[in-house]
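Chemist: Protein chains in written order, with the numbering used here: chain C, 59 to 414; chain L, -14 to 245.
Each hint should be verified, as a subset may be incorrect.
What the hints assert, rightly or not - Below, a sample of chain L positions facing chain C; criterion: calculated Cβ distance under 8 Å: (1) Ala86; (2) Phe88; (3) Pro89; (4) Gly90; (5) Arg113.
No wet-lab data here; the hints were simulated from the structure.
Given the structure is predicted, the values throughout are model-derived calculations rather than measurements.
No residue lacks a Cβ here, since even glycine has one placed at the ideal position from N, Cα and C.
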Amino acid sequence: MSLTQLHAPATAVERPRFRAWPELNNPAAWLVALILLIMPLIASGFFLIEIFGTTLILGIIALSLMFLAGYGGMVSLMQLTIAGFAGYMVAVFGVSGNANISLGWPWWLATPMALVLATIFGTLGGALAVRTEGIYTIMITLAIGAAFYYFTNQNWAIFNGHTGINTVATPHVLGIDWRSDIPFYYLILAVAALCYFAVQYVSRAPFGLALQGVRDNARRMAALGFNVNAHRVAAYAFASFIAGLGGVLQVWNYRQISPGSVGVERCIDILIIAVVGGITRPIGPFIGALIFVILRTFALDVLIKFGLDGNRFRLLIGLGFLAIVFWSSDGVIGLWERWRRRQARSPSSTAGSRHG
Amino acid sequence: MDSVAHRLSAVGAGAALELRGVTRLFGALAALTDVTMTVRPGERRAVLGSNGAGKTTLFNCITGDFPPSSGTIRFFGEDVTRFPPYERIRRGLRRTYQISALFPGLTVQDNVYLACRGVSRGRFSFLRPGVNDALMHATETLVQAVHLTPVKDQRVAELAHGQQRQLEIALALAGAPRFILFDEPAAGLSPAERLELIEILTSLPAHIGYIIIEHDMDVALRVVESVTMMHNGRVFKEGLPREIESDPEAQELYLGGGHE
Chain C
59 MSLTQLHAPA TAVERPRFRA WPELNNPAAW LVALILLIMP LIASGFFLIE IFGTTLILGI
119 IALSLMFLAG YGGMVSLMQL TIAGFAGYMV AVFGVSGNAN ISLGWPWWLA TPMALVLATI
179 FGTLGGALAV RTEGIYTIMI TLAIGAAFYY FTNQNWAIFN GHTGINTVAT PHVLGIDWRS
239 DIPFYYLILA VAALCYFAVQ YVSRAPFGLA LQGVRDNARR MAALGFNVNA HRVAAYAFAS
299 FIAGLGGVLQ VWNYRQISPG SVGVERCIDI LIIAVVGGIT RPIGPFIGAL IFVILRTFAL
359 DVLIKFGLDG NRFRLLIGLG FLAIVFWSSD GVIGLWERWR RRQARSPSST AGSRHG
Chain L
-14 MDSVAHRLSA VGAGAALELR GVTRLFGALA ALTDVTMTVR PGERRAVLGS NGAGKTTLFN
46 CITGDFPPSS GTIRFFGEDV TRFPPYERIR RGLRRTYQIS ALFPGLTVQD NVYLACRGVS
106 RGRFSFLRPG VNDALMHATE TLVQAVHLTP VKDQRVAELA HGQQRQLEIA LALAGAPRFI
166 LFDEPAAGLS PAERLELIEI LTSLPAHIGY IIIEHDMDVA LRVVESVTMM HNGRVFKEGL
226 PREIESDPEA QELYLGGGHE
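With the rest of the complex left out, here is chain C (with noise of 0.2 Å):
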């Protein structure tokens, strides 16, 4: 066909099917939503918070990372410095233990005004770190991280220094105490179901794919017309939102905050969690938080049963962590995709490619 019929409106054209969500067409998919919506029916109140209600949490501020790395190309060590910022604001503007610090405000203004906040901190750390690329942006964030760190640790007026702020006031509504465990559960759940769904839904729009192109070929991006570091800047403060929707769940699932909470090795362990779950998805994150959590847990009893020191758990982890970098560059998610495959190629090579 010839070019000059090229800005002519197509007709015979092939509707798109673009909007389609592909992801609801999978039964596994539909089953685990299942088990989480049942899941008080299975779990006591310590798995229920202590294990899914954590890992779900830890999973949201992954996402966030999952979000900038996976499809920015941008890997920032501050997500969870910026979730701790936001849980400290919710402690700052909301009810606490120490009145001389909390302004007293009701949940539904503390928790807003603590969204937006941690939202322009992610952006304005984001701007910072989007003029680098590479080992160098890994470096600012982290930066970024330890002097959050060190400062939460010095000041007393607003952070109350080393102490931290303590018994962080959690909403009643409805006549319900959200901080009980089963409509704490279902809060996680429908926040970090809300955070997964928009996650994928903006990876399939224009800003996502656009950040995808970014990654890819951040120069040839800008010759088709893109300011690129806008738009870097842009998926930073996407990112830092549902970093804060994290930060104000974890502060109300320990209802105190301290400089304990936002140290590096937290900064860390948010990143080891999305490696090891998978950054090509959004749903690696989850995985990798529940790793996690669970080798956290019960890798000290295990431990101790086999006359080795509990709190080793942690080399577990750092094993598991070189093991999933070494054979698996793209985590769990990634040996899962390559396991299936390579199940769907074997028994007939005609149904495999057709699912694709």
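Fit chain L to the given chain C structure using the hints.
Modeler: Structure of chain L alone, referenced to chain C:
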């Protein structure tokens, strides 16, 4: 074609591209020295020269990938010398790359869609395109125009070289281009693919001008009406294709000696 040029200048359309004393230094090395060049709207021109003559650097200065060290560049009368690349692209400038610069992790369709989105509004849109999205139609049409419809859902990393070159061209045709810079579009193409390329270039709407860098004389001289020869970062000679072909100095410099 001269009459077209006269008519255009009569209505005051001016130059599509006007370079005045453009110089680009890389450290002590002058990749371009004092390049002055005027290209009319709709004009099709080849830039010839041996490796290291400064052809691709010229493109990089025009698009802003590397800004010139000195000199001015006007695009349809507007001084774009200090503009970032995306501002020039939004004004109707396009380019292709010598080594395909695509998005390997995305599908063919997504690559073209990004190109269409880049020169229209809604670059930051958080909403997925609907079934009647105009840009989706434009994408389908472009994919079809470069014969890539059968592979539109494949990731670009999986495409054959020739298909990647065609996609490279599709990206440059998105939106409403006014002037295109083609950097060795025929590199690595089979003879059949070269014919297809010539067909695509010659069937471009007449108002779209371009500059083409091409080593293959059969391709280059068939699709242009004027030629600029470059040597060591300077404009060495300008003329009609047949003048350059028969010029002994040009023969010596390029067509005979340095040609791979």
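Chemist: Looking back at the numbered hints, which does the structure fail to meet, lowest number first?
Modeler: none
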